[in-house]
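From first to last, the protein sequence lines stand for chains A and B.
For the first sequence, counting from 1, position 176 maps to 176 in my numbering; every step adds exactly one.
My numbering runs 193 ahead of the 1-based position in the second sequence.
Worth flagging that the hints you see were computed from the coordinates, not collected in a lab.
Don't take each hint at face value.
What the hints assert, rightly or not - Where chain A lies over chain B, by a calculated footprint (3+ residues, C-beta under 8 Å):
| # | stretch |
| --- | --- |
| 1 | 197-211 |
| 2 | 218-227 |
| 3 | 339-345 |
Said to hold, decoys possible - Computed list of lysine to any residue pairs in SDA-like fashion (alpha-carbon distance at most 25 Å, straight line):
| # | chain 1 | residue 1 | chain 2 | residue 2 |
| --- | --- | --- | --- | --- |
| 4 | A | K107 | B | S303 |
| 5 | A | K113 | B | K289 |
| 6 | A | K103 | A | D119 |
| 7 | B | K305 | A | A24 |
| 8 | B | K302 | A | L57 |
| 9 | A | K61 | B | G237 |
| 10 | A | K107 | B | L249 |
| 11 | A | K61 | B | T308 |
| 12 | A | K182 | A | P38 |
| 13 | B | K302 | A | D119 |
| 14 | A | K61 | B | Q311 |
| 15 | B | K291 | A | P2 |
| 16 | B | K302 | A | N5 |
| 17 | A | K99 | B | A195 |
| 18 | B | K302 | A | R20 |
| 19 | A | K103 | B | A195 |
| 20 | A | K103 | A | G127 |
| 21 | B | K305 | A | D119 |
| 22 | A | K107 | B | K291 |
| 23 | B | K291 | A | N116 |
| 24 | A | K103 | A | D90 |
| 25 | B | K289 | A | A154 |
| 26 | A | K107 | B | E217 |
| 27 | A | K107 | B | E198 |
| 28 | B | K305 | A | A87 |
| 29 | B | K305 | A | Q189 |
| 30 | A | K107 | B | P204 |
| 31 | A | K113 | B | R353 |
| 32 | A | K113 | B | M210 |
| 33 | B | K302 | A | N116 |
| 34 | A | K103 | B | R213 |
| 35 | B | K305 | A | G127 |
Note that beta-carbon positions come from the ideal geometry of N, C-alpha and C, so glycine has one too.
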Amino acid sequence: MPHINLPSEFPGIRSLFMYRPETAAPLNHLVQTLLHDPHPTLSAGERELIATYVSRLNTCKYCSNIHGAIAKHQLGGDGELVELVLADPDTAPISTQLKALLKIAAKVQAGGKQVNADDIAAAREAGATDVELHDTVLIAAAFCMYNRYVDGLATWQPDDAELYDKMGKQRASEGYMTAPFKVNRTEQQLQNS
Amino acid sequence: MAHIELNNDLPGIRGLMAYRPETEQPLNALAEVLLRGDNTLSRGERELIATYVSYLNDCFFCQNVHGALAGHYLDCNIDQIDAIKADMQQADLSPKMKALLTIAASVQKSGKHVTPEQIELARAEGATDAELHDTVLIAASFCMFNRYVDGLGTWAPQNRQFYVDRAPQRAIDGYQSSLFK
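Required output: the full structure, derived from the provided sequences and hints.
Okay, here's the thing in structure tokens:
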């Protein structure tokens, strides 16, 4: 049960967005800018991987599943790559640059002060630009917010992999600003949640 | 010195915002609605939640900016704000505010640390759903702002009076504009 009275037809952060449109607007605008809008160098798939990885480190079921699904659809349907990155970025088949950025993201998840000059130097060595470093830190920081928001109010977080895949496909193609799917639940399902 | 070349001399989050206007806009809009928008929690109470979380995250810039604003609204000096941060249970705050700060401290650790008992206690002291929502989101958002400011190694003025002196103007201008532009 969520800690406050939220609309039951929407999972995770979407129930919070429906509950409080005044804060939904800047929160949605931020994620759209960070993850979906055109970026000078990082692909949407790479940015979604950073968001997914941080959400997994924060053990946020809703965010890691939905962004994992969006990442998959942004990466041409390669769900296996998403799983390999989540399991261990260092052994995943991704660029050394993205590995260095994911390492910085993990540091941000642990605390801003954890990021040190060596982490930054290693990422630069692997080709990371200032904008990429900036956006990596802000994406990781933003998901330390979104994850806490979603878990801190105990929102409904489905276990249905197909539902996440459907929602992920929608977000990958439409971005974050369009209306969410409604998920109608029975009285029984609501009582069990 | 910041980890990246910001091409400006602005302190803390202001330097980052000037560097990347695309993300500045939603970040400022979020701070504006959370800390200054219409609310049954006063601006001082909301700034105090932001200050407390920034203190727990050990973010010098944010806890001083928002501590000075909290002091401005609540008519407290730096020492009084410091005393609240150090031991809010013993501070001269309402039981509701203490319950909300307890929830904010849980959010600072992680969302899953918020317990039904903490929520019930806050409700028993008069907190509404909207206040519970905003407390969690203010706390969560400062877990972002603090990491953003420290994760990129921004500089912060060390003289704490700097923040106190600027708080009255920030209270008038809100978060949508920089005092330094």
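- Item | Hint consistency between A:K103 and A:G127 [alpha-carbon to alpha-carbon, up to 25 Å] | holds, 14 Å
- Can the restraint linking A:K61 and B:T308 be considered satisfied, given a maximum Cα separation of 25 Å? holds, 17 Å
- Restraint status (C-alpha distance of A:K113 to B:R353 at most 25 Å): holds, 20 Å
- Query: Quick one, are A:K113 and B:M210 close enough, alpha carbons at most 25 Å?
  - Reply: holds, 19 Å
- Distance restraint between B:K302 and A:N116, which requires alpha-carbon spacing of 25 Å or less: holds, 22 Å
- Task: Take a quick look at whether A:K107 and B:S303 sit within 25 Å of each other, Cα to Cα.
- Result: holds, 16 Å
- chain A covers the stretch 197-211 of chain B, three or more CB atoms within 8 Å, holds or violated: As far as the stretch 197-211 of chain B goes, the hint holds, because 3 residues have Cβ atoms under 8 Å from chain A.
- Query: Hey, A:K103 versus B:A195, does the alpha-carbon distance stay inside 25 Å?
  - Reply: Given that 25 Å is the threshold and the Cα spacing comes to 18 Å, the pair holds.
- Are the Cα positions of A:K103 and A:D119 separated by 25 Å at most? This hinted pair holds, its Cα atoms lying about 8 Å apart.
- Query: Straight-line Cα separation of A:K103 and A:D90 no greater than 25 Å?
  - Reply: Given that 25 Å is the threshold and the Cα spacing comes to 9 Å, the pair holds.
- Query: Is the hinted pair A:K61 and B:Q311 satisfied, with a Cα-Cα distance of at most 25 Å?
  - Reply: It holds: about 22 Å lies between the C-alpha atoms, which stays within 25 Å.
- Message: For a C-alpha distance cap of 25 Å, please report whether A:K103 and B:R213 respect it.
- Response: Given that 25 Å is the threshold and the Cα spacing comes to 22 Å, the pair holds.
Taken one by one, the earlier hints fail for this structure at numbers 5, 9, 12, 21, 22, 23 and 35, listed in ascending order.
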